[in-house]
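Visitor: Below are the chains, spelled out letter by letter.
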Amino acid sequence: MIKILNKAIVIGIVIIMLTVLSGCWDSVELNDRAIVTAVGIDINEEGELELTAQVINTVQVSTGPDQGEGGSSVVVHSITGRTVFEAIRALTKMITKKLYWEQNRIIVFSEKAARQGILPYVDFFMRDHEVRKRSWILVTDGQASEIIKAGSETANIPANDILDILDAQAATSEAAREDLYHLAIKLVSDTSCPVATHIGTHTHEEDDGGTEMAGEKKATILGTAAFRNDVFAGYLDNRESRGYHWITGDIKSGIIVVKSPAGDDADISIEIRKASTNLRPQLENGVVSMKLSIETEASVGDVGGELDLSSVDTYDQLARSCEIAIAEEINACLAKAQKEYGTDIFAFGELVHHYLPQEWKKIKDIWLSELYQDVAVELDITVNVIHSGLITKPIRK
Amino acid sequence: MPKKFMQRIHMIQEQLKLDKKGPVAPKQKSYDFKIEKNLSVNLKLLQAIFSKNIDVNFREFRIGKDQVEAFFVNIEGLCDKNLINLNILQPLMWESKKIDWQGDYSITSIKKSLVNFNDVYEADNISDAVNGILSGDTALFVAGSERALLVGTRNWEQRGVNQPESESTVRGPREGFTETLRINTSLIRRKIKDPDLMIEMLQLGERTRTDVAIVYVKNIANNKIIDEVKKRISTITIDGVLESGYIESFIEDTPLGLFPTVGSTEVPDKFAAKILEGRIGILVDGTPFALTVPMLFIENFQVPEDYFVKPLLVLQSRLIRYLALHIALFLPGLYVAIITFHPHVLPIALLDTIIQSQAGIPFPAIAETFLVLIFFEALREAGVRIPRPVGQAVSIVGALVLGDAVVSAGLASYPVVIIVALSGIMGFLLPPQLNPMLMLRIPVLIISSILGILGTTWAYVMIIVYLISLRSFGVPYLSPLLPYTHQDMKDAFIRVPWWKMITRPLLLNTKDVRRVAKGQQPQPEEAGETEDD
Chain A
46 MIKILNKAIV IGIVIIMLTV LSGCWDSVEL NDRAIVTAVG IDINEEGELE LTAQVINTVQ
106 VSTGPDQGEG GSSVVVHSIT GRTVFEAIRA LTKMITKKLY WEQNRIIVFS EKAARQGILP
166 YVDFFMRDHE VRKRSWILVT DGQASEIIKA GSETANIPAN DILDILDAQA ATSEAAREDL
226 YHLAIKLVSD TSCPVATHIG THTHEEDDGG TEMAGEKKAT ILGTAAFRND VFAGYLDNRE
286 SRGYHWITGD IKSGIIVVKS PAGDDADISI EIRKASTNLR PQLENGVVSM KLSIETEASV
346 GDVGGELDLS SVDTYDQLAR SCEIAIAEEI NACLAKAQKE YGTDIFAFGE LVHHYLPQEW
406 KKIKDIWLSE LYQDVAVELD ITVNVIHSGL ITKPIRK
Chain B
2 MPKKFMQRIH MIQEQLKLDK KGPVAPKQKS YDFKIEKNLS VNLKLLQAIF SKNIDVNFRE
62 FRIGKDQVEA FFVNIEGLCD KNLINLNILQ PLMWESKKID WQGDYSITSI KKSLVNFNDV
122 YEADNISDAV NGILSGDTAL FVAGSERALL VGTRNWEQRG VNQPESESTV RGPREGFTET
182 LRINTSLIRR KIKDPDLMIE MLQLGERTRT DVAIVYVKNI ANNKIIDEVK KRISTITIDG
242 VLESGYIESF IEDTPLGLFP TVGSTEVPDK FAAKILEGRI GILVDGTPFA LTVPMLFIEN
302 FQVPEDYFVK PLLVLQSRLI RYLALHIALF LPGLYVAIIT FHPHVLPIAL LDTIIQSQAG
362 IPFPAIAETF LVLIFFEALR EAGVRIPRPV GQAVSIVGAL VLGDAVVSAG LASYPVVIIV
422 ALSGIMGFLL PPQLNPMLML RIPVLIISSI LGILGTTWAY VMIIVYLISL RSFGVPYLSP
482 LLPYTHQDMK DAFIRVPWWK MITRPLLLNT KDVRRVAKGQ QPQPEEAGET EDD
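These protein sequence lines are chains A and B, in that order. Sequential numbering of the first sequence, starting at 46, is according to our numbering. Sequential numbering of the second sequence, starting at 2, is according to our numbering.
Mixed in with the good hints there might be a few duds.
DEER-style ranges, computed between Cβ atoms [stated by the list, open to error]:
no., chain 1, residue 1, chain 2, residue 2, range
1, B, Val391, A, Lys52, 26 to 34 Å
2, A, Ala213, B, His345, 17 to 25 Å
3, B, Pro498, A, Lys48, 45 to 53 Å
4, B, Met440, A, Lys52, 19 to 27 Å
5, B, Asn224, A, Lys48, 33 to 41 Å
6, B, Pro523, A, Lys52, 55 to 63 Å
7, B, His343, A, His122, 23 to 31 Å
8, B, Gly475, A, Asp173, 50 to 58 Å
9, A, Asp361, B, Leu351, 48 to 56 Å
10, A, Lys48, B, Met440, 25 to 33 Å
11, A, Val302, B, Tyr461, 50 to 58 Å
12, A, Lys52, B, Tyr461, 17 to 25 Å
13, B, Ser169, A, His122, 57 to 65 Å
14, A, Asp173, B, Val462, 52 to 60 Å
Just some of the chain B residues that point at chain A, by a computed CB distance under 7 Å [to be verified]:
no., residue
15, Asn39
16, His345
17, Ala360
Just a sample of chain B residues kept apart from chain A, beta carbon distances all over 12 Å, derived [claimed, not checked]:
no., residue
18, Lys38
19, Ile76
20, Ser114
21, Val171
22, Lys225
23, Val304
24, Gln357
25, Ala394
26, Leu483
27, Lys501
Worth flagging that the hints you see were computed from the coordinates, not collected in a lab. Keep in mind it's a predicted model, so treat the numbers as computed, not measured. Heads up, the beta-carbon is just placed ideally off N, CA and C, and yes, glycines get one too.
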């Protein structure tokens, strides 16, 4: 009898511990949750922080199958405060429900806020246990609230659209993206500087007959925003962004347009199929330089003029033009990020730290301020054009 | 009056307390009398025993030229009148006159020369005679003889061999067991023509005297298991056995558990297959449901058809059955856990859909799910119990009208209705024996609503731990999965082709292990090539 009692007590304790110690007691009904899908941070004219949140809203009380009626099912709330946390707490005065941050995938900073340094905001987002650490960080040259308020083409939730176009960037590699977690890591390290995606809006000028409303704003990706430590340094355009990707080695795909070797001034698109980057620091006579070797496999995507692709020489000529184009992209990026902004978004410092630890100890204090801008980058690019699609000869000849 | 009533109840309770340990089942009265030479004594005794029963038939007559007094007793409706007229009355009353008896009117000589009936036996005790009469035999008493002759005239209205209702197959034998034990044993005997097939008979039930047959193949089944089955069955003391479920509840390893540790089937081919695997079968008179032991967890996912169709198809359908078990048990709990604790694991678009559907529902998710679950269970119960023509209407009103109205009225949301319906339908994929287990979905639901996915996981682990602890007649219930037995996995998730099914299940520890000769994989010859020799 006592044995059974003991057993029951032990089981009871285990259940209580499971419940209490797991820290999992967070049962909130879905109806009591306000699910934040995107958040924007602005600095207004008075210099106050203005927080804009996109929150999922229930469209109608009745739950018929034809709910939504094509409209978006979110509402946007704006509030000002001295800190992010204060603003969020102030939001609860406007929203009856509990804010739920774990579905938030997008954090937008206005350029103005970013220029003052994003560290205090990132601190909150990293510190709070409810915020999703894989949220994408975006920077806009206008108001962050504009992006949060922007409409959607397909989804009920505009934030989803932004997520989709961010994902689609893999096909062009023309904008960098960084999530909160990796951005924070780069922020705290003294060997590299973070980047974010540059986002803006475009306006539909006329009613195109569909569901889209004339004059409605849509979010669109413009390129990359580079930071020097936590302070916004400047933008990289699409071409420079791809240069950035070439250096960091995460080119997934992309199109390079070159002139036809046939000399008829036609454009030829070459699709990048596979790319591998090898970046190593070198130390010569006490001077650090970088050696960047890139190997790429590419295929012909379209041919503007009358180019016969049946000879091997043509492929070689195309490959040489590609190599030059890639080198131009890389140099353009280096010119902006390294020479102009002076931000180590390529993490050259990290590589020096890794491969030349002795040297790094000596130079780390002056790395970003003195040395970085003059680091020479030696390029070694190899392109193999291996494929011409389903046809080799031009269609009309 | 109520006071007297209470007193009586109290008295019975006291009595039950006293003889808690001993056998308390009310016994049928034993008529342990010798059969007398004096015929009228026997007649009076039997008339006293059967007293006012109108279905007992006493027929007095005289045998042979010497006009020896005799009578027989039988029960109307349990025996074949034609047989009695032709094979008992006619020979005894007419043919007997042609024979010179030389004064020997003993039962033995009557049996040998007059009663032209194949199934007869002698008894020297009134009690045995009464038993025979109650089973449908005709008891013949002759003056001057201390024995009675029991003639097997049993024949009563019975259901023929029909297609089983509970286990239907597309391919496979269509016959099912019936309520008559004799027919059932003959169905087995017809499938296994082996003198080693043992059909041992015993009677259970102090009052019903139900015939119970223990069936096994002598040189396959493990002796220990046979002995254990016999031991467990022989200790049963009960007044009546009306269905094999009575016996099941006495011999199963988990008397209060939700998992079946005794298999039951309605189809002879499945029964025969289990016997051939080395299991022991129990047939009970009066029910088409036969029992097989030991019963393992994986048997819930094996159906007879699995052994007749292509192995790859079996793999697919078994995986679906295992999946169905998981969905049926855990889906409602998982849904509530995700909705109330972890909405971040859902894609935002799906979450939006759910939110739009949940809006305005006045109940918390757990209450909503619970209500719909109860609603579903009630509908299911109604569908089974209500006469078929009405049942159709119930399911239409229940599923279509109420289901839709509940959502339209904003009492439950579409996702919950979908989740519960899915869970319910998945339950139908499983054998009815697993239905008690599906009750676990309610505890899983409750623990999930308190602890979230942690609770769901916890419930899952607890169920697995419990399953591991179970034994069925000494065989680990979850084997061959745990403990892992590679040899027996051939019939767990996959069913290997028959030419690969070399051994019987090893865990049953059979005397004869080999069931298929090796090297029988078909190797078709190349086209155009023929054998010369």
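Visitor: Evaluate each hint against the coordinates.
Guide: Evaluation of the provided hints:
1. Taking 26 to 34 Å as the suggested C-beta distance range, the pair Val391(B) and Lys52(A) does not conform, at roughly 49 Å.
2. About 23 Å separates the C-beta atoms of Ala213(A) and His345(B), a value consistent with the hinted range of 17 to 25 Å.
3. Between Pro498(B) and Lys48(A) the beta carbons are some 51 Å apart, a value that agrees with the proposed interval 45 to 53 Å.
4. Hint check: Met440(B) to Lys52(A), Cβ distance near 24 Å, so the stated range 19 to 27 Å holds.
5. Evaluation of the 33 to 41 Å hint for Asn224(B) and Lys48(A) yields a pass: the beta carbon distance comes to about 36 Å.
6. About 57 Å separates the C-beta atoms of Pro523(B) and Lys52(A), a value consistent with the hinted range of 55 to 63 Å.
7. In this structure the hint that His343(B) and His122(A) lie 23 to 31 Å apart at CB holds, the actual value being about 24 Å.
8. For Gly475(B) and Asp173(A), the hinted distance range of 50 to 58 Å is satisfied, since their beta carbons lie about 57 Å from each other.
9. Between Asp361(A) and Leu351(B) the CB atoms are about 51 Å apart, so this pair conforms to the stated range of 48 to 56 Å.
10. Against the hinted window of 25 to 33 Å, the Cβ-Cβ separation of Lys48(A) and Met440(B) comes to about 28 Å, which satisfies the hint.
11. Checked against the given bound of 50 to 58 Å, the beta carbons of Val302(A) and Tyr461(B), roughly 56 Å apart, stay inside it.
12. Range check, Lys52(A) to Tyr461(B): about 22 Å between beta-carbon atoms, so the 17 to 25 Å window is met.
13. A hinted range of 57 to 65 Å holds for the C-beta pair Ser169(B) and His122(A), which are about 60 Å apart.
14. Remark: the range hint 52 to 60 Å for Asp173(A) to Val462(B) is contradicted by a beta-carbon distance near 31 Å.
15. Nearest Cβ of chain A to the Cβ of Asn39(B): about 63 Å, over the 7 Å cut. The hint is violated.
16. Checking His345(B) against chain A by beta carbon gives a least distance of about 3 Å; that is within 7 Å, so the hint holds.
17. With a least beta-carbon distance of about 3 Å to chain A, the hint placing Ala360(B) at the interface is held under the 7 Å criterion.
18. For Lys38(B), the condition that its CB be more than 12 Å from all CB atoms of chain A holds, with the nearest at approximately 63 Å.
19. Remark: the non-interface label on Ile76(B) is consistent with the geometry, its nearest Cβ contact in chain A lying 53 Å away (cut-off 12 Å).
20. The beta carbon of Ser114(B) sits about 71 Å from the closest Cβ of chain A, which is more than 12 Å, so the claim that it is off the interface holds.
21. Its beta-carbon lying about 36 Å from the closest one in chain A, Val171(B) satisfies the requirement of being farther than 12 Å from that chain.
22. With a closest Cβ-Cβ approach of about 31 Å to chain A, Lys225(B) is found to remain outside the 12 Å limit, as its non-interface label requires.
23. Listed as outside the interface, Val304(B) is consistent with that label: its C-beta sits roughly 37 Å from the nearest C-beta of chain A, beyond the 12 Å cut-off.
24. Non-interface status of Gln357(B) relative to chain A is broken: a Cβ of that chain comes within 12 Å, the nearest being about 5 Å off.
25. No Cβ of chain A approaches the Cβ of Ala394(B) within 12 Å, the least distance being about 26 Å, so the stated non-interface status holds.
26. Against chain A, the non-interface label of Leu483(B) holds: every CB pair exceeds 12 Å, the least being about 23 Å.
27. Every Cβ of chain A is farther than 12 Å from the Cβ of Lys501(B); the closest lies at roughly 44 Å, confirming the non-interface assignment.
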